[in-house]
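Novice: Listed here are the chains, written in short residue letters.
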Amino acid sequence: MAQQNTPQKTLESWKQIAAYLERSERTVRRWEASEGLPVHRREHEKQDTVFAYKHEIAAWSRLRTKCPGTIPDDEAESFSPGKTAANTYLTEHDAITRTMHCYIAGARAGDGNLMRPAFHPSATISGYCQGVEYTGSIQHVFEWITANGPAPNINPRFARIEIIESIAVVHLEVKGWSGKLAGANAWASDVFTLLKWNGEWKITHKLFHWHDR
Amino acid sequence: MRRPLEATNFVRTCPLTPRIDATSFPRMSKIEYLSEYDEIVKTIQIYIDGSKQGKSELMRPAFHPQASFFGYAEEQLAVGTQFLFDWIDRNGPAPKIEPRMVSVDILNSIAVVRLEVAGWSGKLAGSDVCMSDLFTLLKMPGGWKIIQKAFHWHG
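Chains as they are written, first to last, in my numbering: chain A, 1 to 213; chain B, 1 to 155.
Okay, chain B solo, but in the shape it has when bound (with noise of 0.2 Å):
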C-alpha cells in the first residue's frame, strides 16, 4: 500500500487530499447492516475495556491516528486525545463502570455512537460518577475506527 499522506501535505485543488487510498463502500444490505453494528461495538468495547483496566494502550488501537477528542473536565476544556489517554493512565483502574451504547447509527462509511458510562470511580474521577459520550467513527480498511469523542462530565 502507499505510504500514508501527513493531513498537511493537503492540496487546495480537487478538493482535499486523500490520505490512503481505499476500496469504494457500496451501499450495504441488511445482512452488511448487522456485520458494520457488530464491529462498530467491537470498536467501542475496546475503549471500554481500556476505561475499566485504566490502560491507555489498551484503548489505542480504537482510534483513528488523527482522532480528535473535546469536553470540558472540572469547567477546563480539554483537547486532544493525548489529554484523554494521560488521563486514563493516571487515573487507574474503574472496574465498576457500567457502559449502555444507547444509540448506533450507521450511514454508509461513517457511524455515531451515544454511549453512556455509570460508575465512573478513580483517581482523578472520584466515584460514582456519569459520563455521556458521543463517538463518531470512520469506516478504515482496518476497520472502524473512534475519529472523535466527545464527553460530557456530569461532575
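Pulled out of the complex, with its shape left as it was, chain A reads as follows (with noise of 0.2 Å):
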C-alpha cells in the first residue's frame, strides 16, 4: 500500500487534478463538491492542502462513464442556473434533477452532509428493510449515508418526474448498492416526495423499499 503514496502516484494540487482529467479546475473542483471526485486534504495550519490518488481518480471516472444516472460534463453546465429552459416545464423538471442529482452525489460518496442541501428542514424518512419498518427524521438517513461510506457502483434511473405546480414525486431505482452498511449489490426502490421553498426544489420525504434478496 505504501507504494501508492509515492509522488508519481498522487496528484498534489487541483492544477494536476484538472490536468490529468484534461478539464479546467473550476470543473474538477465542482466534480468534487456534487459528484464525489475523490479528493483528500492535508489538514496544515494555514490552510490544507488537496491531493488526489490516481488510481482512485481513474476508478472513479471509469465509473461515471459508465453510469447512465450521471449527467455528462456539457450537459451539467447547462444545467447551471444562469441558463433557462425552452419552456416552464423543462425549468422546473431541470431543477428538480439537480436536486435529486445532489442526493445521488451524497450517496455515491458516502456523505450525508453532501446531500443535505437536497432536503428541506423538516424532512422525514420512512420505508422498509428486510421487513421492518423504519420511521424518523431525515437526519439519520444522512448518518446512514456517512456510516455506509461511499458506494460508487450505484446505478441510479428515473422512473417518474410528477410535478404539479408547487409540489413533486421522484421515484428512484437505485441498484448496485453498496458499503458498510448497504452489504454488496443491493436494490432500493425510493419515492420522494418534493415541494418548491423559497424558489428551490426540496425533497420534503423519502420513501423506500430496500429489496430482499
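Because the hints were derived from the structure by calculation, they are not lab data. Be careful, since some hints might not be right.
Only some residues are given here: those of chain B computed to face chain A with a beta carbon under 10 Å [said to hold, decoys possible]:
id : residue
1  : 61
2  : 64
3  : 152
We treat Cβ as the ideally placed atom computed from N, Cα and C, and that holds for glycine.
With the hints as a guide, dock the two chains, each given alone in a separate frame, to form the complex.
Specialist: Shown next as C-alpha cells:
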C-alpha cells in the first residue's frame, strides 16, 4: 500500500488533478462538490492542501462514464442556474433533477452532508428494510449515508418525475448499492416527495423499499 | 406485540432503529396486487369521507401516527398533519367534492396515489376550488397508512 503514496502515484494540487482529467480546475472542483470526485486534504495550520490518488481518480472516471445516471459535463453546464430551459415545465423538471443529483452525489460519495442541501429541514423518512419499518427524521439518512461510506457503483434511474405546480414526486430506482451497511449489490426503490420552497425544490419525504434478496 | 419505539429512540448503528416489528413482505403476485390496490383505495376513501363531512376524526385512521403534511395555503407553507386536521374541522362539510384517483402506484410495501379533488367548498375553502394531492403510503400490519400528504391548492 505504501507504494501508492509515492509522489508519482498522487496528484498534488487542483491544477494536477485538472490536468490528469483534461478539464478545467473549476470543473474538477465542482465534480468534487457534486459528484463525489475522490479528493483528499492534508490539514495545515494556515490552509489545507488537496491531493488525489491517480488510481482513485481513474476508478471514479471509469464508473462515471459507465453510469447512465450521471450527467455528462456539457449537459451539467447547461443545468447551471444562469441558463433557462425552453419552457417553464422543463425549467422545473431540470431543477428537480438537480436536487435529485445532489442526493445521488451524496449517496455515491458516502457523505451525508453533501446531500443535506437537497432536503427541507423538516423532511422525514419512512420505509421497509428486511420487513422492518423505519420512520423518523431525515437526519438518520445523513448518518446512515456517512456510516455506509462510498457506494461508487450505484446505478440510479428516474422511473418517474411528476410535477404538480408547487409539489412533485420522483420515483428513483437505485441498483448496485454497496457499503459498510448496505452490503454488496443491493437494490432500493425510493419515492421522494418534493416541495418548491423559497424558489428551490427540496425533498420533504423519502419513502423507500429495500429489496430483499 | 412489543411496544413501538418512539422515533427519538433511534440509534446510530445498523442503520436506523426499527419502530415496530413487522412481518416480511414477499414479492407480490398479480392477485395480491389487486387486493393491495383495493386496500389502498379504501384508505384514500377514508380521507375523502372525512373531507366531505368536515370531520378530522373520521380521516385520522387513514394516517400513520408519524405522517407528515406539506403544502402552501394562501402563500403560507403549512407543515404537519395537525394543520390539516384543524383545517378540515374549521372548514366544515364540503358535500360537493368530486375526487378522482389519477394514479395508484404500488412498489411492494410502499405506494403513491395522486388524487385530484374538484368542487372544494366550506368556511375556509370558499367555493368550487380544486386541490391536487400526492399521498405516499406505507403498508403496515394494520393496513395501508398515509405517511405523507403533499398538496397544491389551485386557489
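Novice: All hints are to be evaluated individually against the structure, with a verdict given for each.
Specialist: Each hint, compared with the structure:
Hint on residue 61(B) is violated. Least Cβ distance to chain A is approximately 17 Å, over the 10 Å limit. For residue 64(B), the suggested interface contact is upheld, since its CB lies about 7 Å from the closest CB of chain A, less than 10 Å. This hint holds: residue 152(B) has a C-beta 4 Å from the nearest C-beta of chain A, less than the 10 Å allowed.
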